[in-house]
Structures are given as structure tokens and as C-alpha cells.
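Given these sequences and hints, build the entire structure.
Taken in sequence, the protein lines are chains A and B. Here the numbering used here is used: the first residue of the first sequence is 1407, the next is one more, and so on. Here the numbering used here is used: the first residue of the second sequence is 62, the next is one more, and so on.
Wrong hints could be hidden among the right ones.
Not close to chain B: a few residues of chain A, all C-beta gaps over 12 Å, as computed [to be verified]: (1) 1423; (2) 1425; (3) 1433; (4) 1434; (5) 1441; (6) 1464; (7) 1479; (8) 1523; (9) 1530; (10) 1558; (11) 1568; (12) 1596; (13) 1598; (14) 1600.
Distance ranges between label pairs, derived from CB positions [unchecked claim]: (15) A:1592 / B:181: 29 to 35 Å; (16) B:235 / A:1503: 27 to 33 Å; (17) B:164 / A:1435: 50 to 56 Å; (18) B:177 / A:1560: 35 to 41 Å; (19) A:1423 / B:91: 56 to 62 Å; (20) A:1540 / B:177: 16 to 22 Å; (21) B:250 / A:1535: 32 to 38 Å; (22) A:1592 / B:183: 35 to 41 Å; (23) A:1429 / B:91: 51 to 57 Å; (24) B:86 / A:1435: 39 to 45 Å.
Please keep in mind that the hints were generated in silico from the structure rather than gathered at the bench. By construction, the Cβ of each residue, glycine as well, lies at the ideal position given by its N, Cα and C atoms.
What follows is the residue order along each chain.
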Amino acid sequence: MVTTPAERTRAGRLRLPWWVILIAAVVAAVALVIALGGFSDVPESKLPVVQLGDSVDGGEVRASVDRIYLSPTRPMSDLDAEVGIQYLVVEATLENTTNRPNSFQYDVVRVALDGVIEPTTQTDALIELRSGQQVSFLQSGLAAEVAYIWQIDSADAAPGDEIFAGIFDRYRVANDPIFGDTAYTAPTPIARISTEIGEAP
Amino acid sequence: MNRLATVAAVVGLLAAGAFIVGTAPDEDEVVEPFAIPGEFGDPVVSPNYEITITDVRLATTITADYALTPLEARTSGTWVVVDAEVLPIANGFSFSNAELRIGEYSYRVSDLVPSSSLTSYLYQPGVPVRGSFAFEVPASALELARNAGASVVFSERVAPILESEPVIPLDLGGATIVAEIALDEAATLDPASTEGAE
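Next up, the structure:
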């Protein structure tokens, strides 16, 4: 039997069923993902634990939590809390390490006090301990001693209670599709302090 | 030949596009404010006011005894006190975002100085005012200023867009750092003592 060149070409071509090709494509895709590490375990990193007074470098602010205490009087003033209310005060040192004025100060330090203050709760007030005035920005390269202040019920905490403080950072989102290129992530914890609430100085 | 020309044209267009994208100003540059260059001691006119810097002083502590709550603020760095006269042309402007720029660093005018200062003053058109701005800078900033120079920039917003802002160079190297500067409350001047802005 004599075959034409066209018949020889068709006979020599490997014709696979479509489902074999589909399975092969899926296997190839999965193999590629595996090769790129797509199914590896997500690396777990525990939040670093630091002590009172330890400095932690964020992307914009270097911070240390220096002291945590309860007070019936608002720091740097003679203002007594209302009956049944007390001030939870977290003293910290903040230094803006960028080359411009920085306004992340309200989110650098937050606390978790069981059932009273959630880590997502921003401070009621942030004052500078030099003047007692509100901290509206951090000047570049100058360390500022500040106090974060929350008002809580007197029955909700006492000296000696355990409290967690977190030092937070934020990250710039380049070319954010919604907010342009100046968007930032939500405050993200970068260090944790576990300590006991102290007495008012 | 036609195919070669097509390929060359496509490559050329892509290269031109890459050049345009690569050299185009970014968004910040497109909307950056217009600097009004000035000189120390000379009036500088912006759309809203005329400002003249009359002196620059350095100290480690500033005080303000005129306020209900007096201020005494010592710094680990240096206070740069800039004395100035302002002749408002319009109202509704503020100096709360004025900056001292030294090299790549920007320092915002301090908000610790109690009212009324030039930063917090409620300006009225045609009523000249004399007072001071206080900038707190780290000690290293003065050394940098000797090499990189310093200027005060009167921005009206945190992120000014296509606005006019006076930029006045300062010589921080010639001033002596004193222990304390007592700030005076911002006060009106005799209108006859300044030239009016028409």
C-alpha cells in the first residue's frame, strides 16, 4: 500500500484525548507551584517580647515603653478623674527616625487589658511629658517622652494586674489601587511587652 | 523589508514610550508648590501675606511667660527662634505648617509655643503683626546646616498642592546658642511702620 505524504503526517501525529491533555496541564501547574514553594508551610514568627525600657525600631519611629501605672490624677496636671474612674498611663519614649515630621505617634503604642482595653483601641490622649501638651507630631531626630492615657473604671484594674503593651509599626502600600501610592497598612504589632501595672509615681 | 521596518518601528515606539515613562515627573513633582524665593531681612510677598524675617536666635530653652500656662521648654537639641513681621493681605491663612529645612530634613514649627504666637495668630488683613516662630531641631541639624544650608518654608498645609510658599534662606552658623530665650507674645505693629501691600 502506498501512502501519500499528507497521510503519513496525519498518521505520525500523536493524538491524545482532551482529558489527558487537561490532566497533564493541571499536573504541570501543580508541579510548578510546588517548585516555587507555593505549598510550603507559611513561616511562623512569634512577636518579639521585649522588656520595659527596651527600644524597638519601627520603620518610622523608634519606641520604648518605659512605665505603666494607674493614677487618680491625669499626668502633668492637677485634674482628678471622675468618681469611679482612673487613668491608665503608659509612659513611652518616641523618636521619629525619618527626615520629616511624623504623625504616627497615636498608633505606636497600644495595650491589651483583659476585658477592658482591646489592642485595637486607640489611646484617649497622648501628651508630652515635658509640657503636658498634646503631641500633634514627632519632630525628626528628637526623642520625646510621652504618656498614653486611657480612662477606665476604677474596678477594672489594680496595681499588680497583668497587662500587655504592644509597639506598632505601619507599612507603606506602593501603588495602592484604591488610595494611590500614599496608603499605609493598619498598625501592625512588632514587639510585645508583658508586665504588671505599677503604682502611681 | 516591510517586516523589518515594522519590527524596527515597534521597537522604536516601545523605546520612546519607556523613555517618556521613565523621565516623566512623578505625581508629587506635578503638584509641588511654587517657591517664592526671598532674602533674610527683605519682605517676601505671597498671595495672602507679606513676611519679613528680622532675626534668628538659637537657645537650649525657650520660655513664654505671657500665657495663662507659662511655658518653659528645654530641648536636648537646639531651639531655632525666627523673629518675623507679617503683613496680612487676606485672611484665612496659617503658619502652623511652616518648616525649617536643612538639607534633606524638614522640621515643623513647634506647637508648644502658647497663643498668641505667629503660628496661632488670627490675622486680619492690613494689620501688621510682629512675633516669633520656634523650631526644635536635633543638635546634629546645626552641623548639617553649616554644610547644606537652611531655609524656612512657609507652607500653609501639611501637603501643599500648587500653592505659593515663601522660601527664605537662614544663616544658622553665625548665631550663638544661648541658654534661654524668652518669647514675646505676637503683637500688632503700627501700620505706618510697614509698607502696605496693595
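Now for the hints, and whether the structure bears them out:
1. A cut-off of 12 Å between C-beta atoms confirms that residue 1423 of chain A is not in contact with chain B; the least separation is 39 Å.
2. Taking the minimum C-beta to C-beta distance to chain B, about 40 Å, the non-interface status of residue 1425 of chain A holds against the 12 Å cut.
3. Every C-beta of chain B lies more than 12 Å from that of residue 1433 of chain A, the closest at about 36 Å, which supports listing it as non-interface.
4. Against the 12 Å criterion, residue 1434 of chain A stays outside the reach of chain B, whose nearest CB is about 31 Å from its own CB.
5. Its beta-carbon lying about 31 Å from the closest one in chain B, residue 1441 of chain A satisfies the requirement of being farther than 12 Å from that chain.
6. Annotated as non-interface, residue 1464 of chain A keeps its C-beta farther than 12 Å from every C-beta of chain B; the closest such distance is 19 Å.
7. Taking the minimum C-beta to C-beta distance to chain B, about 17 Å, the non-interface status of residue 1479 of chain A holds against the 12 Å cut.
8. Remark: the non-interface label on residue 1523 of chain A is consistent with the geometry, its nearest Cβ contact in chain B lying 28 Å away (cut-off 12 Å).
9. Listed as outside the interface, residue 1530 of chain A is consistent with that label: its C-beta sits roughly 20 Å from the nearest C-beta of chain B, beyond the 12 Å cut-off.
10. Chain B leaves residue 1558 of chain A outside its interface by the beta-carbon criterion, the shortest separation being 27 Å against a cut-off of 12 Å.
11. No beta-carbon of chain B is positioned within 12 Å of the beta-carbon of residue 1568 of chain A; the least distance is around 34 Å.
12. Here residue 1596 of chain A stays apart from chain B, with its beta-carbon at least about 24 Å from theirs, past the 12 Å limit.
13. Distance to chain B confirms residue 1598 of chain A as a non-interface residue, since its nearest Cβ pair spans about 28 Å, more than 12 Å.
14. The Cβ of residue 1600 of chain A sits about 30 Å from the closest Cβ of chain B, beyond the 12 Å cut-off, so the non-interface label holds.
15. Restraint check, residue 1592 of chain A to residue 181 of chain B: a C-beta distance of roughly 33 Å satisfies the suggested window 29 to 35 Å.
16. Between residue 235 of chain B and residue 1503 of chain A the C-beta distance comes to about 30 Å, which sits within the given range of 27 to 33 Å.
17. A hinted range of 50 to 56 Å holds for the C-beta pair residue 164 of chain B and residue 1435 of chain A, which are about 52 Å apart.
18. At about 40 Å, the CB distance of residue 177 of chain B to residue 1560 of chain A agrees with the hint of 35 to 41 Å.
19. The supplied range of 56 to 62 Å is met by residue 1423 of chain A and residue 91 of chain B, whose beta-carbon atoms lie about 58 Å from each other.
20. Taking the beta carbon of each, residue 1540 of chain A and residue 177 of chain B are about 18 Å apart, inside 16 to 22 Å as hinted.
21. Range check, residue 250 of chain B to residue 1535 of chain A: Cβ separation about 37 Å, and the 32 to 38 Å hint holds.
22. Restraint check, residue 1592 of chain A to residue 183 of chain B: a C-beta distance of roughly 37 Å satisfies the suggested window 35 to 41 Å.
23. Taken as a hint, the range 51 to 57 Å holds for the pair residue 1429 of chain A and residue 91 of chain B, whose Cβ atoms sit roughly 53 Å apart.
24. Distance hint check: the CB atoms of residue 86 of chain B and residue 1435 of chain A are about 42 Å apart, consistent with the given range 39 to 45 Å.
Violated hints for the displayed structure: none, as all numbered hints are satisfied.
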